[in-house]
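> If you want the building blocks of each chain, they are given just below.
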Amino acid sequence: MGMRIHIPLPLRVFTGQHATVEAEGRDVGEVLEDLMRTHPQLRSQLLNAEGKLRSFVNVYLNDEDIRYTGSGTTPVQSSDTLSIVPAIAGGNCGRC
Amino acid sequence: MALEMAKAEMERVQRHGEETYPLECCGLLLGHMDGGGRRVVVEAARMRNANTESPQNRFVFDPHEHLEKQKSARARGLEIIGFYHSHPDHPARPSQFDLEHAAWPGYSYLIVSIERGRAAAQAGANSFELAEDRSRFLEEAVVLTD
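So the protein sequences, as listed, match chains A and B. When the letters of the first sequence are read in order and numbered with our numbering, they come out as residues 1 to 96. When the letters of the second sequence are read in order and numbered with our numbering, they come out as residues 1 to 146.
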């Protein structure tokens with residue numbers, strides 16, 4: 001049985017409009033790879049040309065940012081949940 | 001596409017910008033997509049501007065606060081359909097910095113202009129969506145309802 005991944009609204013066009021999908025793997029990297037294997041159009045939305053997570057893409061394993069838990073090598077359990085959450089920033093650049 | 005929201009919710013966004021002036025405010029647009037692809041705001045939810053270096057012309061979401069707001073919205077049956085922020089004493093139009101830091105196409109990016117502490121009366125609130133190739137923002141209609 002796979003673990004759940006919460007998909008943000010703009011990416012559901014690539015998951016058949018499913019807000020939650022399941023994917024399998026022993027660690028975060030394998031789970032994300034399984035997600036992109038079954039939903040290939042997500043790859044370019046999540047990864048840059050070098051195959052790394054795009055700068056504005058945050059991935060949480062339950063409540064922890066995977067950057068602080070070992071990134072792709074973070075082990076997972078089927079009861080865990082991954083959340084894909086965009087980093088949001090901006091602002092007027094009138095004086096820069 | 002268009003963004004639909006109650007006048008009261010737009011006023012909440014503008015009040016937020018007035019309260020934080022001369023610093024930028026920011027927040028989430030919670031709601032859903034209607035059958036025609038229009039994004040409908042149910043609630044504009046304030047977020048803390050976590051930028052401490054230059055909050056007068058920059059904003060950033062605290063990522064954990066964002067995660068928690070996403071979870072609570074999901075529990076209430078609401079989606080994050082977009083984001084808002086203010087431009088103190090600058091037009092309600094996206095900057096190059098906004099473009100460089102945008103997330104995915106498919107969200108509404110609402111900007112309100114706050115001039116000398118008050119929500120700008122003319123063209124003071126505009127919404128945009130990111131082009132599919134991420135090269136520019138495209139303005140979308142803002143439909144205000146009673």
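Misleading hints may appear alongside valid ones.
Cβ-Cβ distance ranges computed for the label pairs, FRET-style [said to hold, decoys possible]:
id : chain 1 : residue 1 : chain 2 : residue 2 : range
1  : A       : Gly51     : B       : Glu100    : 17 to 27 Å
2  : B       : Thr52     : A       : Pro40     : 33 to 43 Å
3  : B       : Thr145    : A       : Pro40     : 34 to 44 Å
4  : B       : Ala8      : A       : Glu50     : 41 to 51 Å
5  : A       : Arg67     : B       : Ala8      : 18 to 28 Å
6  : A       : Gln17     : B       : Ala75     : 15 to 25 Å
Computed, partial: chain B to chain A, Cβ under 7 Å [as the list claims (entries may be wrong)]:
id : residue
7  : Leu23
8  : Glu24
9  : Phe61
10 : Pro63
11 : Glu79
12 : Asp98
13 : Trp104
14 : Gly106
15 : Gln122
Honestly, the hints are just simulated from the structure, not real lab data. As the structure is a prediction and not an experimental result, all values here were calculated from the model. Here a beta-carbon is modelled for each residue, glycine too, at the ideal position from N, C-alpha and C.
> Indicate, hint by hint, whether the structure satisfies it.
How the hints compare with the structure:
1. Gly51(A) to Glu100(B): 17 to 27 Å: holds, 21 Å
2. Thr52(B) to Pro40(A): 33 to 43 Å: holds, 40 Å
3. Thr145(B) to Pro40(A): 34 to 44 Å: holds, 39 Å
4. Ala8(B) to Glu50(A): 41 to 51 Å: Given range 41 to 51 Å: holds, Cβ gap about 46 Å.
5. Arg67(A) to Ala8(B): 18 to 28 Å: Taking Cβ atoms as reference, Arg67(A) and Ala8(B) lie about 39 Å apart, which means the hint is violated.
6. Gln17(A) to Ala75(B): 15 to 25 Å: holds, 20 Å
7. Leu23: violated, 10 Å
8. Glu24: holds, 5 Å
9. Phe61: With Cβ-Cβ at 4 Å, under 7 Å, it holds.
10. Pro63: holds, 6 Å
11. Glu79: Holds. Min distance 5 Å.
12. Asp98: holds, 4 Å
13. Trp104: Interface hint status for Trp104(B): holds (4 Å vs cutoff 7 Å).
14. Gly106: holds, 3 Å
15. Gln122: With a minimum Cβ separation of about 18 Å from chain A (threshold 7 Å), the hint on Gln122(B) is violated.
Hint violations for this structure: numbers 5, 7, 15, all remaining hints satisfied.
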